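Spelled out, the chains give:
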Amino acid sequence: MTDTVGIVIVSHSRDIAKGTADMVRQMVGSEVKVAFCGGNPDGGLGTSVPLIIDAINDAWSSKGVAVLVDLGGAETNSEMAVEMLEPARRDLVVVCNAPIVEGAVMAATEAAGGSSLAQVRAVAEELSAD
Amino acid sequence: MSVQPETFKSLLKAAAEQVIASAPELTSLDQAIGDGDHGTNMKRGFEAVLGKLDAISAQPLNEAFKAIGKTLVMTVGGASGPLYGSFFLAAGEALSQDKHLPDDLADVFGSGVDAVSARGRSQAGEKTMLDVLVPVLETLKAGAGQPDLIARVRITAAEAVERTVPMQATKGRASFLGARSVGHVDPGARSSCVLLHAVCAGLEARQ
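Chain order of the listed sequences is Y and V. Throughout the first sequence, residue numbering follows full-length UniProt numbering, covering 1 to 130 in sequence. Throughout the second sequence, residue numbering follows full-length UniProt numbering, covering 1 to 207 in sequence.
Think of the hints as simulated: they come from the structure by calculation, not from any bench. Some hints here could point you the wrong way.
Label-pair distances were calculated between CB atoms; the ranges are [stated by the list, open to error]:
#1 K52(V) with D3(Y): 34 to 42 Å
#2 E47(V) with G113(Y): 40 to 48 Å
#3 A158(V) with E31(Y): 52 to 60 Å
#4 P102(V) with P99(Y): 45 to 53 Å
#5 D42(Y) with A205(V): 30 to 38 Å
#6 R89(Y) with A151(V): 42 to 50 Å
#7 E17(V) with G29(Y): 49 to 57 Å
#8 E83(Y) with A144(V): 29 to 37 Å
Using 20 Å as the maximum straight-line C-alpha spacing, the simulated EDC-like pairs for lysine to aspartate or glutamate come out as follows [to be verified]:
#9 K52(V) with D42(Y)
#10 K43(V) with D42(Y)
#11 K141(V) with D104(V)
#12 K171(V) with E79(Y)
#13 K70(V) with E75(Y)
#14 K18(Y) with E75(Y)
#15 K43(V) with E25(V)
#16 K70(V) with E79(Y)
#17 K70(V) with E86(Y)
#18 K141(V) with D107(V)
Take a look, some chain V residues computed to stay more than 10 Å from chain Y by CB distance [stated by the list, open to error]:
#19 V3
#20 K52
#21 D103
#22 A124
#23 A201
Fair warning: this is a prediction, and the values are worked out from it, not measured in the lab. All C-beta atoms, glycine included, are put in the ideal place defined by N, C-alpha and C.
Generate the whole structure from the sequences, applying the supplied hints.
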């Protein structure tokens, strides 16, 4: 099987992240690696850099990883997490400017077809275009 | 001249304790215009810093600043983690290059402020912590070497916090409120002031 772009879902709420991942799985089964995380380091609403780093590494693919986020802090923490990855991986992770649920489902569907990271990102971000 | 490890440790401890003590106030400010987690997030981060106080303070200053930054990044759990974390990481990096404290204080602080601005893609005037950090940087630049610098920083920070009240937020969760964000102190500006005032008080106590 050829490698496909991995998908990471980062929400302030673990329930939303898990639910989104469930919807992705329904669409692409196990063709695409999907990882999710949500909640701050104490488990309350928020996001956690170490959990995001773990999720990116769990979903790792030689083609890269697309990260879908919900609100501001999830984006800031995801960008920070990318910078803290080992150098060889940093350039192969993108944080998408896209709605989290629709973005994750569409990105994963695109990834399942073998598309590049740039193509996967473009499909997700098209949802945010005017 | 250099910063003694004992001085650094006591300032860091005082700053962390002051943030922790201010958690209820920060949370209350954030409940008004944000998601209400700024106090608990900052408390979690600075409790982690306090927990590593000895290990952090035992390192050279540049590494100590980076360790503070990394600890905040990994434990805060909100956008303020990467924002404050980036400040300390960049300040530590400046110290790893050719900058020294206290002589290059304005340059080192400026590196931190630039990092916050880049991380948040934000400028002063958007009702954020930058509305305290940027004026304080100006005060540091203008007042370098002057005997009343600490008092000036203290006043600049306090006045800068108050100036966030009439601002309308255009960054962060408060921006969702639009015009309703006007009339409130920005929680990030307040937490920056708390940190700066704790350092000022610590330095004054040592004079």
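Quick rundown of the hints versus the structure:
1. At about 39 Å, the beta-carbon gap between K52(V) and D3(Y) stays in the expected band of 34 to 42 Å.
2. At about 47 Å, the CB distance of E47(V) to G113(Y) agrees with the hint of 40 to 48 Å.
3. For A158(V) and E31(Y), the Cβ-Cβ distance of about 57 Å falls inside the hinted range of 52 to 60 Å, so the restraint holds.
4. A C-beta distance of roughly 48 Å is found between P102(V) and P99(Y), which places it inside the suggested range of 45 to 53 Å.
5. Take D42(Y) and A205(V): their Cβ atoms lie about 33 Å apart, and the range 30 to 38 Å holds.
6. A C-beta distance of roughly 48 Å is found between R89(Y) and A151(V), which places it inside the suggested range of 42 to 50 Å.
7. The beta-carbon spacing between E17(V) and G29(Y), approximately 52 Å, falls within the hinted interval of 49 to 57 Å.
8. Checking the proposed 29 to 37 Å range against E83(Y) and A144(V) shows it holds: the Cβ atoms sit about 31 Å from each other.
9. For the hint pairing K52(V) with D42(Y), the CA-to-CA distance comes to about 18 Å; that is within 20 Å, so the pair holds.
10. Of the pairs offered as hints, the one joining K43(V) and D42(Y) holds, with about 12 Å between alpha carbons and a cut-off of 20 Å not exceeded.
11. Restraint check for K141(V) and D104(V): satisfied, since their Cα atoms lie roughly 10 Å apart, inside the 20 Å limit.
12. The suggested pairing of K171(V) with E79(Y) holds, with an alpha-carbon distance near 16 Å, which does not exceed 20 Å.
13. Pair hint K70(V) plus E75(Y) holds up; C-alpha atoms about 18 Å apart against a cutoff of 20 Å.
14. Restraint check for K18(Y) and E75(Y): satisfied, since their Cα atoms lie roughly 17 Å apart, inside the 20 Å limit.
15. About 11 Å separates the Cα atoms of K43(V) and E25(V), which keeps this hinted pair within 20 Å; it holds.
16. For the given pair, K70(V) sits about 14 Å from E79(Y) by alpha-carbon distance, which is consistent with the 20 Å threshold.
17. Between the alpha carbons of K70(V) and E86(Y) the distance comes to roughly 15 Å, so the proposed pair stays at or under 20 Å and holds.
18. The hinted pair formed by K141(V) and D107(V) meets the criterion: a straight-line CA distance of about 8 Å does not exceed 20 Å.
19. Every Cβ of chain Y is farther than 10 Å from the Cβ of V3(V); the closest lies at roughly 27 Å, confirming the non-interface assignment.
20. Here K52(V) stays apart from chain Y, with its beta-carbon at least about 15 Å from theirs, past the 10 Å limit.
21. With a closest Cβ-Cβ approach of about 29 Å to chain Y, D103(V) is found to remain outside the 10 Å limit, as its non-interface label requires.
22. Residue placement check: A124(V) keeps its beta carbon more than 10 Å from all beta carbons of chain Y (closest about 18 Å).
23. Here A201(V) stays apart from chain Y, with its beta-carbon at least about 29 Å from theirs, past the 10 Å limit.
Checked against the numbered hints above, the structure violates none of them.
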